[in-house]
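*Asks:* Sequence:
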Amino acid sequence: MKGDDIDIRIRGHDSKFQTFDDQEVHDQKVQLDNLQHVKYQLAQQLEEARRRLEDAERFITILLETTTSSN
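Residue numbering for the sequence shown follows the numbering used here, starting at 1 and increasing by one per position.
These are calculated hints, taken from the structure and not from any lab test. C-beta: ideal position from N, C-alpha, C; glycine also. Among the hints, a few may not be true.
To be verified - Label pairs and their computed distance ranges (CB to CB):
hint : residue 1 : residue 2 : range
1    : Gly12     : Glu65     : 19 to 27 Å
2    : Asp14     : Leu46     : 21 to 29 Å
3    : Ile6      : Leu64     : 18 to 26 Å
Make the full structure from the sequences, and use the hints.
*Replies:* As structure tokens, this is what we get:
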């Protein structure tokens, strides 16, 4: 729901790094010295997680409205 926390973690390895957003794992195999690319990928993943959260909020709102209006 709006205002809920989102869990985002980054784990670095010698040859790759992993990002985790709300328990989904994304392996990234790019050169770690290319920080602009990494920043862009992380921003895309964050935006995608935000969209999924908003979709879930809309679904829950509609579900609650239909269940309370049918009672």
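*Asks:* All hints, please: hold or fail.
*Replies:* Each hint tested on the structure:
1. At roughly 44 Å, the beta-carbon separation of Gly12 and Glu65 lies outside the given 19 to 27 Å, and the hint is violated.
2. The hinted range of 21 to 29 Å is satisfied by Asp14 and Leu46, whose Cβ atoms lie roughly 25 Å apart.
3. A hinted range of 18 to 26 Å holds for the C-beta pair Ile6 and Leu64, which are about 22 Å apart.
Against the hints set out earlier in the document, a violation occurs for number 1 only.
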